[in-house]
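Just so we're aligned: the sequence shown equals residues -24 to -1, 1 to 335 in mature numbering (1 follows the signal peptide of the UniProt record, and there is no 0).
These aren't lab readings, by the way, just hints derived from the structure by calculation. Don't take each hint at face value.
[Stated by the list, open to error] Think about it this way: if two alpha-carbon atoms lie no more than 25 Å apart in a straight line, the pair counts; the simulated BS3-like pairs of lysine-lysine are:
#1 K120 - K98
#2 K89 - K120
#3 K296 - K272
#4 K70 - K98
#5 K18 - K262
#6 K195 - K162
#7 K272 - K262
#8 K70 - K120
#9 K41 - K195
#10 K162 - K120
#11 K89 - K70
#12 K158 - K120
#13 K41 - K70
#14 K262 - K195
#15 K123 - K98
#16 K162 - K123
#17 K89 - K18
#18 K296 - K20
#19 K276 - K18
#20 K276 - K265
#21 K20 - K89
#22 K158 - K214
#23 K18 - K265
#24 K262 - K296
#25 K98 - K158
#26 K262 - K276
#27 K98 - K162
#28 K195 - K296
#29 K89 - K195
#30 K89 - K123
#31 K20 - K41
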Amino acid sequence: MKRHLVNIINILYLFFLLSCTSQSTVSINNGYVDFPEVRALKAKTIQLDTALFCYPFRVHAWDNKAVVLDLHGTDHYFHAFSYPEFHYLSSFGKRGDSPEEMLSAENFRWGEKCLWTLDANKSELTELGFALSGDTLLRQEVVKLDKDILRALDFIIYEDFTFIIPDYTGDNRFCQVSSEGKLLRKFGAIPSANEEALANSRPALAQAWRSFIDYNPRKGVLVAATQLGEVLEIYNLKDSTHVVCIGPHGEPEFQVAEGYGIPTGIMGFGDVQVTDNAIYAVFQGKSFKDIMESAKQGNKLPDGGQSIYVFSLRGEPLRKYVLDHYVHGIFVDEQRGAIIAMDVNMDEPIVEYSFHLVE
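Go ahead and model the full structure; you've got the sequences and the hints to work with.
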């Protein structure tokens, strides 16, 4: 009876949230050319006592634990460490095709007392919790995603019991999904000026506009940073404002071939994090032309971005950090004044930068 009452309360609360977030969105376009301040940062390498990684792509910390996603892990996709010391604790997310194993790993998110992982190939989200020992993560729940959701490649946890996932049909920007994996609604639109693609090639447009996302529940701010081009979108889910920040490289450039979007411009953002004070986004800026020419000459360009762009929660450019490493995933710890970053080009891939908040 008590469980039934809790479910009814959750459903009523969900309808309240949907009614609040379904109001019309006010869009604001913010173009930027440069940043008012540029600072160079020098990293400290974090030494690990064991070799674990093939391609460490993402890092998120919560309380005294940190987890690293190894995108091409041979045995496991995830590795847990103490934080901030980075002493190895355990590995989880075993690679394989059995029911309790993972075919792929796209991202993970910390909940209040748990961790969620996304397997795009299985189209499922998995909740894990720490064992009593505090160093091992155990599977608690598996959520199969609705078939109407086209290949989920990222997600955030919204209001404790729903998820927001990018929409790759091209019809909208995001899908809101229930805790059972059911599609509740879609919202947002791709802010493209490419009228031809909007009219005739929406799936290819959505591929080109693939974005890395993050959400700050305290501020109600959802951010999407394009993997191609230079577009940062800020959705304030509390007041329904939508800010589009377009940098010098413009929106994603691509050609359509057999229904697919083939990139022709630049590699854009590589990761994004929304804190209580600012938005931090890794930026690459390498053109596909330069990447192909270097490959033809037998030279491989460093993998990742060498800049971190800092914006206000309203999309104002605040500061640009120039790094001494090329990095992918970052975790910004404003309390410690530290940025943990993943450099896949190095044998010791975890590096730490010290910084001061923008006043």
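Hint by hint, here is what the structure shows:
1. As the CA atoms of K120 and K98 are separated by approximately 8 Å, the hinted pair is consistent with the 25 Å bound.
2. With a C-alpha separation of about 21 Å, the suggested pair K89 and K120 falls inside the 25 Å cut-off, and the hint holds.
3. A distance of roughly 32 Å separates the Cα atoms of K296 and K272; the hinted pair therefore is violated under the 25 Å criterion.
4. Of the supplied pair hints, the one linking K70 and K98 holds, its CA atoms being roughly 14 Å apart against a limit of 25 Å.
5. For the proposed pair K18 and K262, the alpha carbon gap of about 21 Å is at most 25 Å, so the pair holds.
6. A threshold of 25 Å between alpha carbons decides the hint, and for K195 with K162 the separation of about 21 Å falls inside it, so the pair holds.
7. Under the criterion of a C-alpha separation no larger than 25 Å, the hint pairing K272 with K262 is consistent with the structure, at around 16 Å.
8. Restraint check for K70 and K120: satisfied, since their Cα atoms lie roughly 18 Å apart, inside the 25 Å limit.
9. Only pairs whose Cα atoms come within 25 Å are accepted, and K41 paired with K195 is accepted, the gap being roughly 23 Å.
10. A hinted pair counts as satisfied when its Cα atoms are at most 25 Å apart, and K162 with K120 qualifies at roughly 18 Å.
11. The suggested pairing of K89 with K70 holds, with an alpha-carbon distance near 21 Å, which does not exceed 25 Å.
12. Taken as a hint, the K158 and K120 pair is honoured in the structure, with Cα atoms around 8 Å apart against an allowance of 25 Å.
13. Of the pairs offered as hints, the one joining K41 and K70 holds, with about 19 Å between alpha carbons and a cut-off of 25 Å not exceeded.
14. This hinted pair does not check out: K262 and K195 have alpha carbons roughly 32 Å apart, beyond 25 Å.
15. Between K123 and K98, the direct Cα distance comes to roughly 11 Å. Compliance with the 25 Å bound is thereby established for this hinted pair.
16. Simply put, K162 and K123 have alpha-carbon atoms about 14 Å apart, close enough for the 25 Å limit, and the pair holds.
17. A distance of roughly 34 Å separates the Cα atoms of K89 and K18; the hinted pair therefore is violated under the 25 Å criterion.
18. Only pairs whose Cα atoms come within 25 Å are accepted, and K296 paired with K20 is accepted, the gap being roughly 19 Å.
19. A threshold of 25 Å between alpha carbons decides the hint, and for K276 with K18 the separation of about 23 Å falls inside it, so the pair holds.
20. A threshold of 25 Å between alpha carbons decides the hint, and for K276 with K265 the separation of about 13 Å falls inside it, so the pair holds.
21. At most 25 Å may separate the alpha-carbon atoms for a hinted pair to count; K20 and K89 exceed this at roughly 30 Å.
22. The hinted pair formed by K158 and K214 meets the criterion: a straight-line CA distance of about 23 Å does not exceed 25 Å.
23. Taking the CA atoms of K18 and K265, the gap is about 29 Å. The hint is violated against a cut of 25 Å.
24. Distance check on the hinted pair: K262 and K296 sit about 17 Å apart at the alpha-carbon level, within 25 Å; holds.
25. The hinted pair formed by K98 and K158 meets the criterion: a straight-line CA distance of about 15 Å does not exceed 25 Å.
26. Distance restraint check for K262 and K276: the Cα-Cα separation of roughly 12 Å lies within the 25 Å cut-off, and the hinted pair is therefore satisfied.
27. Between the alpha carbons of K98 and K162 the distance comes to roughly 22 Å, so the proposed pair stays at or under 25 Å and holds.
28. The hinted pair formed by K195 and K296 meets the criterion: a straight-line CA distance of about 23 Å does not exceed 25 Å.
29. Our distance criterion of 25 Å between C-alpha atoms is met by K89 and K195, whose separation comes to about 20 Å.
30. With a CA separation close to 28 Å, the supplied pair K89 and K123 exceeds the 25 Å bound.
31. A distance of roughly 20 Å separates the Cα atoms of K20 and K41; the hinted pair therefore holds under the 25 Å criterion.
Hints 3, 14, 17, 21, 23, 30 from the list above are not met by this structure, while the remaining hints are.
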